[in-house]
Amino acid sequence: MYNEIILDHFRKPRNVGVIEDADGVGEVGNAVCGDMMTFYLKVKDDCIVDARYQTFGCGAAIAVSSMVSEMIKGKKIQEVMEMTHKDVSNMLGGLPPQKEHCSNLGIDAVKKAIEDYRAKKACNNTSAVQK
Amino acid sequence: MYNEIILDHFRKPRNVGVIEDADGVGEVGNAVCGDMMTFYLKVKDDCIVDARYQTFGCGAAIAVSSMVSEMIKGKKIQEVMEMTHKDVSNMLGGLPPQKEHCSNLGIDAVKKAIEDYRAKKACNNTSAVQK
Amino acid sequence: MENKRVYFDNAATTMVDRRVLEHMLPFFSEHYGNASSLHLEGIKAYQVVEWSRNQLAQLVQAQPEEIYFTSGGTESNNFAIKGLARSSKKRHIITSPIEHPAVLKTAQSLAREGFTLSFLPIDNKGIVKVEELESMITPNTLLVSVMLGNNEVGTIQPLKELSLITRSKGVLLHSDAVQAVGNMPVDVKDLGVDLMSISAHKFYGPKGIGALFVRKGTNLLPLLDGGEHEQGKRSGTYNTPGIAGLGKACEIALQEMDEFVPRISTLRDDLINKILHQIPEAYINGDLKNRLPGNVHLSLPYVEGEALLLRLDDAGFAVSTGSACSAHNLKISHVLKAMSTDVLCAQGSLRISLGRHNKQEDIDAFVQVLADVARDLRQMSPLYRASKEGDRHV
Amino acid sequence: MENKRVYFDNAATTMVDRRVLEHMLPFFSEHYGNASSLHLEGIKAYQVVEWSRNQLAQLVQAQPEEIYFTSGGTESNNFAIKGLARSSKKRHIITSPIEHPAVLKTAQSLAREGFTLSFLPIDNKGIVKVEELESMITPNTLLVSVMLGNNEVGTIQPLKELSLITRSKGVLLHSDAVQAVGNMPVDVKDLGVDLMSISAHKFYGPKGIGALFVRKGTNLLPLLDGGEHEQGKRSGTYNTPGIAGLGKACEIALQEMDEFVPRISTLRDDLINKILHQIPEAYINGDLKNRLPGNVHLSLPYVEGEALLLRLDDAGFAVSTGSACSAHNLKISHVLKAMSTDVLCAQGSLRISLGRHNKQEDIDAFVQVLADVARDLRQMSPLYRASKEGDRHV
Ligand SMILES: Cc1ncc(COP(=O)(O)O)c(C=O)c1O
Ligand SMILES: Cc1ncc(COP(=O)(O)O)c(C=O)c1O
Numbered sequence: 000m001y002n003e004i005i006l007d008h009f010r011k012p013r014n015v016g017v018i019e020d021a022d023g024v025g026e027v028g029n030a031v032c033g034d035m036m037t038f039y040l041k042v043k044d045d046c047i048v049d050a051r052y053q054t055f056g057c058g059a060a061i062a063v064s065s066m067v068s069e070m071i072k073g074k075k076i077q078e079v080m081e082m083t084h085k086d087v088s089n090m091l092g093g094l095p096p097q098k099e100h101c102s103n104l105g106i107d108a109v110k111k112a113i114e115d116y117r118a119k120k121a122c123n124n125t126s127a128v129q130k
Numbered sequence: 000m001y002n003e004i005i006l007d008h009f010r011k012p013r014n015v016g017v018i019e020d021a022d023g024v025g026e027v028g029n030a031v032c033g034d035m036m037t038f039y040l041k042v043k044d045d046c047i048v049d050a051r052y053q054t055f056g057c058g059a060a061i062a063v064s065s066m067v068s069e070m071i072k073g074k075k076i077q078e079v080m081e082m083t084h085k086d087v088s089n090m091l092g093g094l095p096p097q098k099e100h101c102s103n104l105g106i107d108a109v110k111k112a113i114e115d116y117r118a119k120k121a122c123n124n125t126s127a128v129q130k
Numbered sequence: 000m001e002n003k004r005v006y007f008d009n010a011a012t013t014m015v016d017r018r019v020l021e022h023m024l025p026f027f028s029e030h031y032g033n034a035s036s037l038h039l040e041g042i043k044a045y046q047v048v049e050w051s052r053n054q055l056a057q058l059v060q061a062q063p064e065e066i067y068f069t070s071g072g073t074e075s076n077n078f079a080i081k082g083l084a085r086s087s088k089k090r091h092i093i094t095s096p097i098e099h100p101a102v103l104k105t106a107q108s109l110a111r112e113g114f115t116l117s118f119l120p121i122d123n124k125g126i127v128k129v130e131e132l133e134s135m136i137t138p139n140t141l142l143v144s145v146m147l148g149n150n151e152v153g154t155i156q157p158l159k160e161l162s163l164i165t166r167s168k169g170v171l172l173h174s175d176a177v178q179a180v181g182n183m184p185v186d187v188k189d190l191g192v193d194l195m196s197i198s199a200h201k202f203y204g205p206k207g208i209g210a211l212f213v214r215k216g217t218n219l220l221p222l223l224d225g226g227e228h229e230q231g232k233r234s235g236t237y238n239t240p241g242i243a244g245l246g247k248a249c250e251i252a253l254q255e256m257d258e259f260v261p262r263i264s265t266l267r268d269d270l271i272n273k274i275l276h277q278i279p280e281a282y283i284n285g286d287l288k289n290r291l292p293g294n295v296h297l298s299l300p301y302v303e304g305e306a307l308l309l310r311l312d313d314a315g316f317a318v319s320t321g322s323a324c325s326a327h328n329l330k331i332s333h334v335l336k337a338m339s340t341d342v343l344c345a346q347g348s349l350r351i352s353l354g355r356h357n358k359q360e361d362i363d364a365f366v367q368v369l370a371d372v373a374r375d376l377r378q379m380s381p382l383y384r385a386s387k388e389g390d391r392h393v
Numbered sequence: 000m001e002n003k004r005v006y007f008d009n010a011a012t013t014m015v016d017r018r019v020l021e022h023m024l025p026f027f028s029e030h031y032g033n034a035s036s037l038h039l040e041g042i043k044a045y046q047v048v049e050w051s052r053n054q055l056a057q058l059v060q061a062q063p064e065e066i067y068f069t070s071g072g073t074e075s076n077n078f079a080i081k082g083l084a085r086s087s088k089k090r091h092i093i094t095s096p097i098e099h100p101a102v103l104k105t106a107q108s109l110a111r112e113g114f115t116l117s118f119l120p121i122d123n124k125g126i127v128k129v130e131e132l133e134s135m136i137t138p139n140t141l142l143v144s145v146m147l148g149n150n151e152v153g154t155i156q157p158l159k160e161l162s163l164i165t166r167s168k169g170v171l172l173h174s175d176a177v178q179a180v181g182n183m184p185v186d187v188k189d190l191g192v193d194l195m196s197i198s199a200h201k202f203y204g205p206k207g208i209g210a211l212f213v214r215k216g217t218n219l220l221p222l223l224d225g226g227e228h229e230q231g232k233r234s235g236t237y238n239t240p241g242i243a244g245l246g247k248a249c250e251i252a253l254q255e256m257d258e259f260v261p262r263i264s265t266l267r268d269d270l271i272n273k274i275l276h277q278i279p280e281a282y283i284n285g286d287l288k289n290r291l292p293g294n295v296h297l298s299l300p301y302v303e304g305e306a307l308l309l310r311l312d313d314a315g316f317a318v319s320t321g322s323a324c325s326a327h328n329l330k331i332s333h334v335l336k337a338m339s340t341d342v343l344c345a346q347g348s349l350r351i352s353l354g355r356h357n358k359q360e361d362i363d364a365f366v367q368v369l370a371d372v373a374r375d376l377r378q379m380s381p382l383y384r385a386s387k388e389g390d391r392h393v
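Residue numbers (numbering that gives the first Met the number 0), protein chains in the order written: chain W, 0 to 130; chain B, 0 to 130; chain X, 0 to 393; chain G, 0 to 393.
The shape of chain W in the complex, shown without the other chains:
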């Protein structure tokens, strides 16, 4: 069912983990739909300097989160915001049709984490101004 790229990422997922003092955290999915992903980002100069995640889900979900973590590391936030689930699926050599939705999850979680980072930054800036 899965190609070798997917299986490799599933077997040895890269960058798994939690960043306790993350600049942005994004979570998508839930247990009912069978997939859940939490992405943790460290950002410096509009650049993603570290990315970690936790994933509950099938082989595709795990491979997607691993691949996404590699794709975004070192990238500018603007570049990442332009990435699509198709890019992820392509990098993985194609997901089985019934697993395509998993590629959405990865990119969605990262974008949520970036929004969280921006919201926090906006908030901090406001605080700074108020200070």
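All the given hints hold, so there is nothing to weed out.
Here are the simulated lysine-lysine pairs, BS3-like style, with alpha carbons at most 25 Å apart:
#	chain 1	residue 1	chain 2	residue 2
1	W	Lys-11	X	Lys-43
2	X	Lys-3	B	Lys-11
3	W	Lys-111	G	Lys-387
4	B	Lys-11	G	Lys-43
5	W	Lys-85	W	Lys-75
6	X	Lys-232	X	Lys-89
7	G	Lys-358	X	Lys-43
8	G	Lys-88	X	Lys-89
9	X	Lys-358	G	Lys-43
10	X	Lys-3	G	Lys-43
11	G	Lys-88	X	Lys-88
Think of the hints as simulated: they come from the structure by calculation, not from any bench.
Assemble chains B, X and G with the ligands onto chain W, guided by the hints.
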């Protein structure tokens, strides 16, 4: 489908043939129903001294005619008239259900031949009286 | 006794080719996984399913997604006809009177549910009258089902011409190609059929496995509901050894078609000629040209088919009576009846179906024995005597 | 990698027993005749069909005439339910929500034709509530269909108690016994079923062959119309190798039942105990006593079934996720849902089905690996982290 007794009679039918100057001839069946049998009898002192037949039909029909020819040879006409198709089927060790009707044919042909013999005899007697 | 047998009943079923069996063997006790399982054992099984689907698609010039595996020709015919019937509001089916029981009885069972059946007439060579079709089609007509190669008299039906009509009328065309596929070139695109039934055991594959070709976009409901195998159209755990065997049989058939067809057709024509020359009053049923490569179907008046068969069996030749039907009590074949065959000829009919493993010497030996058996049985037939005396008993 | 595999997916399908395969082999390329043919080749084929019919009849305590061969469990279920539905005027069917899709989807397809379905409730151990049945039966009820052994959680249903009710109400009882027959003692008389589905590949026979038991006097229409095989109830050229294999599998099952059941049950209980002791928060689904000898069905909260399966596959163990269903997109098993299993448990469920070839050392090795895999996947699960923090994400 057929047991060894039937197959033996089918493979080596006894008493096949025609008696040109038969005392009685009986024919049953026709080509449409797929079976046809003609029995030829020689009778002496109310006893069947020779029996021959021709048969068009399946393995069972041939085996039945062969078995009937053996069963009736040397028998009193009265005895033969009391034979039933069940006797034939029993002597053959049992016919397959869809072939049971073949055992009727054999006994029916012989009885027809006996009737023919009786009719001819009655006729000859009448002729004799008239002579 | 057995070691000197000649098998001439290849239209009933064929010997599984050794190469086919070898290809099947690993899937019994080695790669025995369920093709729907995600583990290694499952993946190995899945791969052979898709490999075989490709082989069959190539053999009949279809797309792999248009192939649905079934348990054989009977299921394929039932699946096609009932599957269409239950997915449509149209209530009229046209078929032919010379179809295999798996089509005829299926159509009749739908007739009991309220469908109307019409039968395309047959000429006395055993070929449907194409020119009658157009006027039989009504707005209520769902389907025309006409076989490709007849299983008794071996005639090949003009599917291409039929499909020109069904297409122009917007009616579906199903063909029972169980006798044809693997035994002659078959191209679903060229024939123009929308559905086509296939069975592996008729071309050196295993029994219990077949397929239905369904042209993309054709709507039909499953006959076997369940775990949603085969795009949800045919459920049931994949019979992987069977499917592997079907695939290999297709591969071999495709490779050897160019050699097989002329060789077997030549043997067939030689057998026909020898029978006509050496056996008095023998008659060949069915068109001599539009004919399955291996089919010889003859009538020997004055004798009965089963008796002939059993005598030939004793002499080491496996043949069939005219009808391969398993209903032993059905005496006269519905095919011969539809062809208006004389009753006497229909009773004494014999099907000799040649196959991959038959040789010239088998043909020669057979004609000798057949001549003897025919003489012998005629000798004891009251109908023969009657005919020689010019009598009329029939 | 392959040579160190442990196969724990015997509920999906089993390895064909070597003795079974040996019994099948001659019918491919040696005694390859059509069992309906009258010649020697046909008779040899016919004999094995009847031998196998007898073996199966003995295994389930039926009469040989009550056994109809099919292409497997899916066909048997479709044949039973559709065959009854089309032969009766009654329009109500009662089944259970934990049936195999081959029953559920069949019932649903009849519902689309106008049948009414009712579902017998299930308790949280996965057993039907017998006491509810009587009040569900109406004068319009044709059939109750409840499986014998569940294919996911392995529960054994109280058929005997159900049949007391169906009999007193004059309603027919069908049971999908595909998981049970050959793997535990099954007696149609004792159970009181009127129809029962059987599949050979679940007990070391080949795929693509099964049977339906139909109690004498029960009226049902064929699903496959055609050449009138099987008393006119199921047509199609006999799959003689498959049937031979089914027969041999029955013979072996009967001979070894007394040894098989206690041995496998002991392994099963040992595996259950080790899992419960060595893997935190693991949970066994389904009644622990009324259970198929080889079934272990567990939930591992916080992780997902497919990921578990693939990791175990990499480690050399073939298992199944909770549902053996081939619909890959169906995430939560309908069986676990009917048992009101917690969603988190349902997602991380695993079926380990033990079979004839499994050994104690396989169990011990497996528990080690399972503990590692569970720890590993939980480590990366946001749900696990959340639960340890006392958070509520679900
Ligand atoms: C023309 C034709 N259709 C259908 C069938 C049935 O195929 P199967 O025996 O695979 O069910 C046969 C042979 O039996 C056949 O010759
Ligand atoms: C309970 C149950 N019923 C029916 C089936 C279907 O049987 P088959 O795969 O032989 O069609 C299966 C297995 O797939 C099963 O486990």
